[in-house]
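K.L.:
The whole structure should be built from the sequences, with the hints applied where relevant.
Single-letter residue listing:
There are 2 protein chains.
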Amino acid sequence: MRTLIENVTVVFHDGSYEKNIYVSYDNDRFTYVGKDMPTGDFQRKINGSGKIMIPGLYNCHAHSPMTHFRGMAEDLPLDRWLNEAIFPAEDKLNGSLAYTGALLSCAEMIASGTVSMSDMYFFCPQIAEAVGKAGMKANISRCVVSFDENAEMKNDVRVLEATELFNSYHNAFDGRIKVDMSLHAEYTNTANSCRYVADLAAKLGCGMQVHLSETEKEHIEAKQRHGMTACELFEKTGVFDSVTNAAHCVWVEDGDIDIMAKKGVTVSHNPISNLKLGSGIAPLEKMINKGISVTLGTDGAASNNRLSVLNELNAAALIHRGVTKNTEFPSASVLLPMATVNGARSQMRDDCGMIKAGYKADFALIDAEKCHNVPSYSPVNTLLYTVYPTDVCLTVCDGITLYENGDFKTIDIEKLKYEMNNSISNFTEG
Amino acid sequence: MRTLIENVTVVFHDGSYEKNIYVSYDNDRFTYVGKDMPTGDFQRKINGSGKIMIPGLYNCHAHSPMTHFRGMAEDLPLDRWLNEAIFPAEDKLNGSLAYTGALLSCAEMIASGTVSMSDMYFFCPQIAEAVGKAGMKANISRCVVSFDENAEMKNDVRVLEATELFNSYHNAFDGRIKVDMSLHAEYTNTANSCRYVADLAAKLGCGMQVHLSETEKEHIEAKQRHGMTACELFEKTGVFDSVTNAAHCVWVEDGDIDIMAKKGVTVSHNPISNLKLGSGIAPLEKMINKGISVTLGTDGAASNNRLSVLNELNAAALIHRGVTKNTEFPSASVLLPMATVNGARSQMRDDCGMIKAGYKADFALIDAEKCHNVPSYSPVNTLLYTVYPTDVCLTVCDGITLYENGDFKTIDIEKLKYEMNNSISNFTEG
Numbered sequence: 211m212r213t214l215i216e217n218v219t220v221v222f223h224d225g226s227y228e229k230n231i232y233v234s235y236d237n238d239r240f241t242y243v244g245k246d247m248p249t250g251d252f253q254r255k256i257n258g259s260g261k262i263m264i265p266g267l268y269n270c271h272a273h274s275p276m277t278h279f280r281g282m283a284e285d286l287p288l289d290r291w292l293n294e295a296i297f298p299a300e301d302k303l304n305g306s307l308a309y310t311g312a313l314l315s316c317a318e319m320i321a322s323g324t325v326s327m328s329d330m331y332f333f334c335p336q337i338a339e340a341v342g343k344a345g346m347k348a349n350i351s352r353c354v355v356s357f358d359e360n361a362e363m364k365n366d367v368r369v370l371e372a373t374e375l376f377n378s379y380h381n382a383f384d385g386r387i388k389v390d391m392s393l394h395a396e397y398t399n400t401a402n403s404c405r406y407v408a409d410l411a412a413k414l415g416c417g418m419q420v421h422l423s424e425t426e427k428e429h430i431e432a433k434q435r436h437g438m439t440a441c442e443l444f445e446k447t448g449v450f451d452s453v454t455n456a457a458h459c460v461w462v463e464d465g466d467i468d469i470m471a472k473k474g475v476t477v478s479h480n481p482i483s484n485l486k487l488g489s490g491i492a493p494l495e496k497m498i499n500k501g502i503s504v505t506l507g508t509d510g511a512a513s514n515n516r517l518s519v520l521n522e523l524n525a526a527a528l529i530h531r532g533v534t535k536n537t538e539f540p541s542a543s544v545l546l547p548m549a550t551v552n553g554a555r556s557q558m559r560d561d562c563g564m565i566k567a568g569y570k571a572d573f574a575l576i577d578a579e580k581c582h583n584v585p586s587y588s589p590v591n592t593l594l595y596t597v598y599p600t601d602v603c604l605t606v607c608d609g610i611t612l613y614e615n616g617d618f619k620t621i622d623i624e625k626l627k628y629e630m631n632n633s634i635s636n637f638t639e640g
Numbered sequence: 211m212r213t214l215i216e217n218v219t220v221v222f223h224d225g226s227y228e229k230n231i232y233v234s235y236d237n238d239r240f241t242y243v244g245k246d247m248p249t250g251d252f253q254r255k256i257n258g259s260g261k262i263m264i265p266g267l268y269n270c271h272a273h274s275p276m277t278h279f280r281g282m283a284e285d286l287p288l289d290r291w292l293n294e295a296i297f298p299a300e301d302k303l304n305g306s307l308a309y310t311g312a313l314l315s316c317a318e319m320i321a322s323g324t325v326s327m328s329d330m331y332f333f334c335p336q337i338a339e340a341v342g343k344a345g346m347k348a349n350i351s352r353c354v355v356s357f358d359e360n361a362e363m364k365n366d367v368r369v370l371e372a373t374e375l376f377n378s379y380h381n382a383f384d385g386r387i388k389v390d391m392s393l394h395a396e397y398t399n400t401a402n403s404c405r406y407v408a409d410l411a412a413k414l415g416c417g418m419q420v421h422l423s424e425t426e427k428e429h430i431e432a433k434q435r436h437g438m439t440a441c442e443l444f445e446k447t448g449v450f451d452s453v454t455n456a457a458h459c460v461w462v463e464d465g466d467i468d469i470m471a472k473k474g475v476t477v478s479h480n481p482i483s484n485l486k487l488g489s490g491i492a493p494l495e496k497m498i499n500k501g502i503s504v505t506l507g508t509d510g511a512a513s514n515n516r517l518s519v520l521n522e523l524n525a526a527a528l529i530h531r532g533v534t535k536n537t538e539f540p541s542a543s544v545l546l547p548m549a550t551v552n553g554a555r556s557q558m559r560d561d562c563g564m565i566k567a568g569y570k571a572d573f574a575l576i577d578a579e580k581c582h583n584v585p586s587y588s589p590v591n592t593l594l595y596t597v598y599p600t601d602v603c604l605t606v607c608d609g610i611t612l613y614e615n616g617d618f619k620t621i622d623i624e625k626l627k628y629e630m631n632n633s634i635s636n637f638t639e640g
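Line by line, the protein sequences give chains A and B. The numbering of the first sequence is this note's numbering, which starts it at 211 and goes up by one. The numbering of the second sequence is this note's numbering, which starts it at 211 and goes up by one.
Please keep in mind that the hints were generated in silico from the structure rather than gathered at the bench. A quick note: this is a predicted structure, and the numbers were derived from the prediction, not measured. Beta carbons: idealized from backbone N, C-alpha and C, even for Gly.
One-sided excerpt, in silico: chain A residues whose CB lies under 10 Å from chain B:
(1) Gly488
(2) Thr534
(3) His582
(4) Ile621
(5) Asn631
P.N.:
Structure (structure tokens):
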């Protein structure tokens, strides 16, 4: 369908903006972005006046079925939170619950302008089906954990599931789904399992997702276990030889940052989850100055508890100013790529993440006329500091409208919320 | 008007909650809060199912006309931001612009559940009229600055305006407006002016508002100027002998905290403004452990850029967990009073800040069924971590509905936004 958006203000992936321009798309790709009204017939015209248009956002660290655990077991540090609350609850998950949980994640992301996520979990076929249904994109990975140095990895059930997932879903739903490999973390794996999964990813040519140095405790213990940092272990075992998305990186050292820069590892920065679990604040300025490509992630709903990249964007803008006492960092030219094109590249989607002719038609429109957004000296400042995720009024992925003015076009949201509320008893009883 | 709210979940001022209870109010006061349906006729019944009810929120540090400067001159440190951008823009303000700016602040606050603010600025009669019109409460103070140690304070134009403001507006609008005295800060005053304004506040029996140790620079320079901290100067000059609201307190020392605890000074914590201007993060845990009553403030719209106490509540919950790496601090029992009853007490409104029979009927209802709020293991967790300020669907102050489902009952919001957008040229041209 040929669609024209008229008189819209666009904030681009690099933090620049243009006011009152035209954007058109035909089926799944942008066809024109500029000051002149494009000629031709359009089946739909959208009045962009009073709206800010942004590239569809990338949530580069998610555990989508965990919406079931949103608000469960607050106020615990990461290790106790995992062992005493989350792991026992995860034992009670099943495929059907994982599907509804993942679908609710998709709904919340779509409603706040996110078009793609990088997901690391289990019940991955159900996640893929939920993403397919929702109309989003995702790089989905079956998380490998392995505690026995002598385990035969080729018969490991997680590795088998990861391989099966790749065979069944890689490039499924018109390429909207991609399958990555993943290692949960250094502290839940052996050098052997790291090496095996690294080789598998290299063989398949897919991406790699890992948790890396999220807490001080795990970072210190890694050095005690291996005589090297988790980052060094990943490098040594070949993990970073594939396109890698390393989540958190709160406690990485200068040498780790050098390694990640050299190997082209993308860091998924999860500012809110890192605060909420008391993990700390990642050294974003150091990573950016070393040339690392950084993205944003929400983490799972149990540790945030929101799933909005717009919200992470605002948090990242604020927190690093407060911590570094440098009011010029991070600038919009650092922040906007984190939420958009850096995410697309980390997912090996080279035709995504920008509002540009020829690129996939992935974008959101934001109502910039709510009273908290008025007046506006610059749409970039409005986007970073006043817009709430709920101001998103249109989300389009591959040219398909997924959400518009409160209506979900691909999801029966009332049924889904009813099912999710009723699911609480699965995790709190017995 | 007798109103009954049925089957509502209330999160109280102390962080406790009750599900499915009844709350009634008659004219401006709550008449019943409990499990049994109250008898009698009600002119209005509100279905509270799926809603979270909270006490009306207190924004204890505001400069309400500064909505005009929202998004102006981003990325500058506090001193340059003030001297190069804000002070020149403030020179172009007039009474009419101050009124519209203040009214937009009121609109944004009302729409996010705030019923009262503590405001420190100039053009105070216009602020009082805007608050009166909006139906909110406010403690308004005319900010005194004085750089000449030999100035005759009784003829100082700011002091005269402050006194006139007190005479004209203290307890105006059925007591919704109170007038405080205020000293802008140590670095913009002399010991003489501090003493004069302190004596004036004591004589009038009103409150006192000050900025205190917001930036490291001002904190260090105060010690160089006076051989004592700003906090010590305020104590010595009698400032703290009145009910004092000290904003920011990012750089206060242990001795300062002891002084404020001893003198019963309330600290207004402004987490987002302090991050955005690169000022730092206030030592909240120390202040709470010493028994200081802490409130929340947004600061002006130019340094936040939002004016939502709900947003500060979420930020405070997250930031201190991340900085202290203590996932148990601040608890809901610390946070909820900051947003509610501590604010009411700092404004000397002893019958406000709680949902309790006999107290003023000030509250907000929040839609807890938006997809980002589902599922909910506890309404307190939902309130702190997932609710967006835009989820507020009803705000009532003194029993009067000010905002409901997007409609402003006291403000012509479309006209106001139009005027505010058109006002930008006053500050950017010439």
